[in-house]
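Asker: Spelled out from the first residue to the last, the chains are:
Protein chains: 2
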Amino acid sequence: MLEKTTRINYLYDFYQSLLTEKQQSYMSLYYLDDYSLGEIAEEYEVSRQAVYDNIKRTEAMLEEYEAKLLLFQKFQQRNRWIAEFKALIEHESVTKEELAQAIAALEKLD
Amino acid sequence: MLEKTTRINYLYDFYQSLLTEKQQSYMSLYYLDDYSLGEIAEEYEVSRQAVYDNIKRTEAMLEEYEAKLLLFQKFQQRNRWIAEFKALIEHESVTKEELAQAIAALEKLD
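Residue numbers (full-length UniProt numbering), protein chains in the order written: chain A, 1 to 110; chain B, 1 to 110.
Next comes chain A alone, as it looks inside the complex (with noise of 0.2 Å):
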């Protein structure tokens, strides 16, 4: 529940420039200010259900961004490699090689 949490936060972060601003403030309220859905129905005035349907139908959108983009994961993909490449700095043996070959894996993530 937590890892699907900070996925669609992840998401959200991504692609929320794609999503109407309805969707934007529902989702922001929801999942960066901790929102109940009944206090967000509240504050917009409609019914519980309709908030939920809002937040279920753009969290699917969001997924169908990142099947096409995959700016998730691909930003992982580069955090990854930049872990490895300041634990390869760290060595005080590092040749130009390494760092050459490093540099080849990093252009291949694009």
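Every clue listed holds true.
A pair counts as met if it fits within one copy or between any two copies, since identical chains are not told apart.
Restricting the straight-line Cα-Cα distance to at most 25 Å, the calculated cross-link-like pairs of lysine to any residue (SDA-like) are:
#, residue 1, residue 2
1, Lys108, Leu32
2, Lys68, Asp33
3, Lys74, Leu19
4, Lys108, Ser28
5, Lys56, Gln73
6, Lys74, Ile8
7, Lys74, Leu109
8, Lys108, Gln77
9, Lys56, Glu42
To be clear, the hints were calculated from the coordinates, so they are not data collected in a lab.
Position chain B relative to chain A; hints supplied.
Answerer: For chain B alone, kept in the frame of chain A given last:
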């Protein structure tokens, strides 16, 4: 004109998965396979004007996606970083601190 074509080619590469099948077909024939508007019109049995309008609308959509997601801009920034980094590691005297600074700059690009 050539620069514009190159830009549209890149934007198409980044955002084609967000286009409809017909948009993808027209764009691919026009920009990648170098068909003329007339040839595409004949192939799909529509007017030349319809093909032209579709392609112009698609180009505008690609620019809207880029304004929202900046994938091409970020790709260019990472490429510049890679070029600078390659130049850096060519120096005999590159230090661990310089490498760490370069990585910090890369992390800021995301």
